[in-house]
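**Student:** Got chain Z sorted already, so can you dock chain U onto it with the hints?
Listed here are the chains, written in short residue letters.
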Amino acid sequence: MLAHLAAGIGAGLAVIGGAYGIGRIAEGAMHGTARQPSASGDIRTSMIIAAALIEGVTLFAEVVCILMALK
Amino acid sequence: MLEHGAHAAGNVGEQVKNMILHHIINGWEIEVPSSHWGSSVELDSHLWHFQLAGIDVNMSISKHVIMMFVAAGLLLLMALLLRRKIALVPRGFLSMIEGFVLFIRDEIAVATMGKHHAPSYTPFLCTTFFFILTCNLLGLIPYGSTATGNISVTAGLAFVAFVAIQFAGMRQMGVFGYFRHLVPPGVPWWLAPVMIVVEILGIFAKPFALCVRLFANMTAGHVVILSLIGLIFVMGLAISPVTVGFGVFMYILEIFVAFLQAYIFTMLTSLFIGLLVAGEH
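Protein chains in written order, with the numbering used here: chain Z, 379 to 449; chain U, 2 to 282.
None of these hints come from the bench; they were simulated from the model.
You may find that some hints are simply not true.
Claimed, not checked - Taking beta-carbon pairs under 7 Å as the criterion, some of the chain U residues facing chain Z (in silico):
| id | residue |
| --- | --- |
| 1 | A210 |
| 2 | V213 |
| 3 | R214 |
| 4 | A217 |
| 5 | I265 |
Stated by the list, open to error - Computed list of chain U residues with no C-beta within reach of chain Z, every gap over 12 Å:
| id | residue |
| --- | --- |
| 6 | H37 |
| 7 | E43 |
| 8 | L48 |
| 9 | I67 |
| 10 | V161 |
| 11 | A165 |
| 12 | F177 |
| 13 | P185 |
| 14 | V198 |
| 15 | K207 |
| 16 | C212 |
Ideal Cβ placement from N, Cα and C applies to all residues, glycine included.
In isolation and in its complexed conformation, chain Z is listed as follows:
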């Protein structure tokens, strides 16, 4: 029971962190594109790579939560 609680809270916390990080990246990319529309392609590529890396770390946390819930 406690493990389920911990898994749920942990999943939520991991999502907060990941969403904040990806949100900051999107913010930066939008600022960049607005200032320099011609560089939008390069900016989008770097944005997707950085977002994917942050997403990966978040998913590690989610997998830990799943393992906790299934135990």
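**Tutor:** Chain U in isolation, oriented as in the chain Z frame:
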């Protein structure tokens, strides 16, 4: 849809949970359109089931393996049929595929490893991209199942990417040069033991992240759609307009995610190869 889980328990919540698990988890039966064999085909779960050094190994063909065969067959068929139609100005379906291939070559391979190395890795990246994309999309059609929503499948794909990354690094720098590069020049000698541990961890963390990312993204979307459908059975028919609306929205989002995850897997593989081969520029 619900009768699969009906034998397990009486209450609706349990049945919905079993229905979701039945659709997500690998199994030994394939659902087919109703015909004189019934609504599903049973696969032999003990075809290649043996003990290897005391470990239970089951290499039998399961639902997801069939889905991968279907994906590979479709790609092979597509390649063989389109090969005859290659023209200077492509038309129809061929021009769409050519758009994807050009995108992979110019925006992924050339962008991450430079013009010189890109041609030798573009075929590998195209294969990865189209196979993952086909597997993802096969999970979205009726009677289909998402092979990439199985962690063993994504682990296999990540292992292929791992081998490709190591091979690229060793081909570029030589086997000894590759291991020497684990400690970059200019690092103080007392940092070397720490650097080696961190770099070796990094080598294995990259494909692990690829594996978990693809698996989690493909599974999560399907769980959300199935939960929305299950909500109708839990809360009554009155909620169905809302859940069906959300379900259709999630389905369209899933089509986007299928393309995005195939792109991200290819992009990151290419980036990791590029980090190793393009270092000397």
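**Student:** Are the hints correct? Go through all of them and say.
**Tutor:** Hints and how they fare:
Interface restraint check: A210 of chain U against chain Z, minimum CB-CB distance 4 Å, threshold 7 Å, status holds. Residue-level restraint check for V213 of chain U holds (minimum Cβ-Cβ distance to chain Z is 5 Å; threshold 7 Å). At its closest, the beta carbon of R214 of chain U sits 5 Å from a beta carbon of chain Z; the interface hint therefore holds under the 7 Å criterion. For the restraint placing A217 of chain U at the interface with chain Z, the shortest Cβ-Cβ distance is roughly 5 Å, inside the 7 Å limit, so the hint holds.
Hint status for I265 of chain U relative to chain Z: holds, with the closest Cβ pair at about 5 Å, below 7 Å. Residue-level check passed: H37 of chain U sits 40 Å from the nearest beta carbon of chain Z, beyond 12 Å. The beta carbon of E43 of chain U sits about 27 Å from the closest Cβ of chain Z, which is more than 12 Å, so the claim that it is off the interface holds. Non-interface call for L48 of chain U relative to chain Z: holds, since the shortest CB-CB distance, roughly 28 Å, exceeds 12 Å.
Listed as a non-interface residue, I67 of chain U keeps its Cβ farther than 12 Å from every Cβ of chain Z; the least gap is roughly 26 Å. Remark: the non-interface label on V161 of chain U is consistent with the geometry, its nearest Cβ contact in chain Z lying 18 Å away (cut-off 12 Å). At roughly 18 Å from the closest C-beta of chain Z, the C-beta of A165 of chain U stays outside 12 Å, upholding its exclusion from the interface. No beta-carbon of chain Z comes within 12 Å of the beta-carbon of F177 of chain U; the shortest separation is about 30 Å.
Annotated as non-interface, P185 of chain U keeps its C-beta farther than 12 Å from every C-beta of chain Z; the closest such distance is 20 Å. Every Cβ of chain Z is farther than 12 Å from the Cβ of V198 of chain U; the closest lies at roughly 19 Å, confirming the non-interface assignment. For K207 of chain U, the non-interface assignment is contradicted: its Cβ lies about 9 Å from the closest Cβ of chain Z, within the 12 Å cut-off. The beta carbon of C212 of chain U sits about 10 Å from the closest Cβ of chain Z, which is not more than 12 Å, so the claim that it is off the interface is violated.
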